[in-house]
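Peer 1: All chains, full assembly: derive it from the sequences and hints.
2 protein chains.
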Amino acid sequence: MIKEFLQVLDSEIDRMEQGKQPVELYEPIQYLMALGGKRIRPVMCLMAYSLFRDDWKTQVKPALSIEVFHNFTLMHDDIMDKAPLRRGKQTVHEKWNDNIAILSGDVMLVEAYQFLNQIEGVSLAQFQHILERFSWTAAEVCEGQQWDMNFEERKDVQIDEYIEMIRLKTSVLLGFSMEMGGLLAQVDQGIAQQLYQIGEFVGLGFQLKDDLLDVYGDPEKFGKQVGGDILANKKTYLLIRALELSQGEIRDRLTYWINQKQVDAVEKVKAVTEIYTQLGLKEEVGLQIQSYFDRAFAGMEALPLPQEKKNTLLSFMAGLVDREV
Amino acid sequence: MIKEFLQVLDSEIDRMEQGKQPVELYEPIQYLMALGGKRIRPVMCLMAYSLFRDDWKTQVKPALSIEVFHNFTLMHDDIMDKAPLRRGKQTVHEKWNDNIAILSGDVMLVEAYQFLNQIEGVSLAQFQHILERFSWTAAEVCEGQQWDMNFEERKDVQIDEYIEMIRLKTSVLLGFSMEMGGLLAQVDQGIAQQLYQIGEFVGLGFQLKDDLLDVYGDPEKFGKQVGGDILANKKTYLLIRALELSQGEIRDRLTYWINQKQVDAVEKVKAVTEIYTQLGLKEEVGLQIQSYFDRAFAGMEALPLPQEKKNTLLSFMAGLVDREV
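Chains as they are written, first to last, in our numbering: chain A, 318 to 642; chain B, 318 to 642.
These aren't lab readings, by the way, just hints derived from the structure by calculation.
Note that the list lumps identical chains together, so a pair holds whenever it fits in one copy or between two copies.
As a list, the in silico DSBU-like pairs of lysine-lysine whose alpha-carbon atoms are at most 35 Å apart:
| # | residue 1 | residue 2 |
| --- | --- | --- |
| 1 | Lys399 | Lys472 |
| 2 | Lys337 | Lys551 |
| 3 | Lys541 | Lys378 |
| 4 | Lys627 | Lys541 |
| 5 | Lys472 | Lys552 |
| 6 | Lys399 | Lys551 |
| 7 | Lys412 | Lys578 |
| 8 | Lys355 | Lys406 |
| 9 | Lys412 | Lys538 |
| 10 | Lys412 | Lys551 |
| 11 | Lys337 | Lys552 |
| 12 | Lys406 | Lys378 |
| 13 | Lys472 | Lys337 |
| 14 | Lys541 | Lys585 |
| 15 | Lys552 | Lys412 |
Peer 2: Spelled out as structure tokens, the structure:
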């Protein structure tokens, strides 16, 4: 069933307008969208819709607005973060240049709205409500990216600030994906908010899982360099908590590795991972992830729908908990 | 009358949400919007609306979507063009940095859609048509900017390519401003297209006037450095035509000044201006500008409306023809 959602989405992505001029503007869009990814957001949107209605294939274009928006944020974030690789391939600003990545990204944001504009069968008020929620969420995602950049300049980031940052940068869009599925099915306000919260909790668990996999992921399966966050001194949940918790000799080791300019990458990743493990952070983050997903599952439980309607989404969510990639 | 449009628009701009967090994201928006400018686009939108209906004050927020979008393009274009100044003040990427200008710009594009979303009193189909036309135009403006950047790398740009570039980069948004005024007043498709064409011709005349003023503007009135395009070897109508027309000794002088690395700015501007004048380009561009505005005025003439309805817009357009700033 999940496969079917993915197939329909990917074939619609393949059909996105091609060959438009100037090519410098449109090739990067095609390139980035074709790099793949899990398409989690449109899948969650369509699955949320499917809780209430069966004709989810009518909603593929609106659902894709979220995927196009997400990829737009990747294109621009990669410029800001000076990231060389995305999904194992050159980022757009590396393959072309910064200016092209800025402008192509701008067009992608416009295209996201064009997909959203293909919503049918709702009232003007319903449509404008979806549009307002989309724009609100989009602005929040930008806010999250700005906080993330600000945090990289600061030494005193607190864990609750970090959680708020990932909520904005990642979770609100997963929340909105679920909410939009409901709004397209014309559910009432209360249900839409429940869906949003489920998605938001999934998003928080999902992002912390990312932090965890970066350190404890299986290099064979992970697909990108394990320890990338450690090498970049990226302020993840693990590093922020390690800075909060560590004392004495462990603190000295942590400080040493953070400040060391010329390091052997393998050694640093090994050493910092050991520190995290000694501080019990593998378990702590694991529990946090579980706690967020528990709340998401409780939200699903509370939805006034027959169990069999919920199974597809529940098994998709379970897959996110267990993911190794 | 024009003054009243401007006052209402500016007071609405002042009311745009302030003090939102993180400040790095929202201060640049406020800063750029407060730099002023002629607000030509929303004024034209409201004036076009006023051709058909009197309650133009109900349409201020939708009209502002175009101004916010225009300022978003300025913020991003200035990064790409590495422009230090905008309206005599530091550009956003200079005052803050590139990343902040990218991300603030992104939020501005979202805000443009939020203003658009405040359209009232139309049907879903009418609203979605406006949204589609807005997005289409937005993508075209990005295309224009990409062509503009491509042209800077090329030596063989033809005048018709240049006209198509400025049509995309500048004119389509003025066209859409007029069209949207009509669509908000729920005119029929034919009238909407007539309005679009009027705005498009105004836009072409307006941009060529810019090219002309950069060279022949009165330094006392112009507000920015006369000859800026000449110093940057910017491929304007004048330079492209000069490269097409010049031969022999004049051509040698032109080539000399284009390729000279270390030049006295005043000398170069004086010399190239002389070349343009010798080639008769001041007159030629003047005639082109007149021709575009003539077509815009003919379009106004053809609108099936009583003359007194048209006077405000006509006098506004006449002001654009005669402008010295």
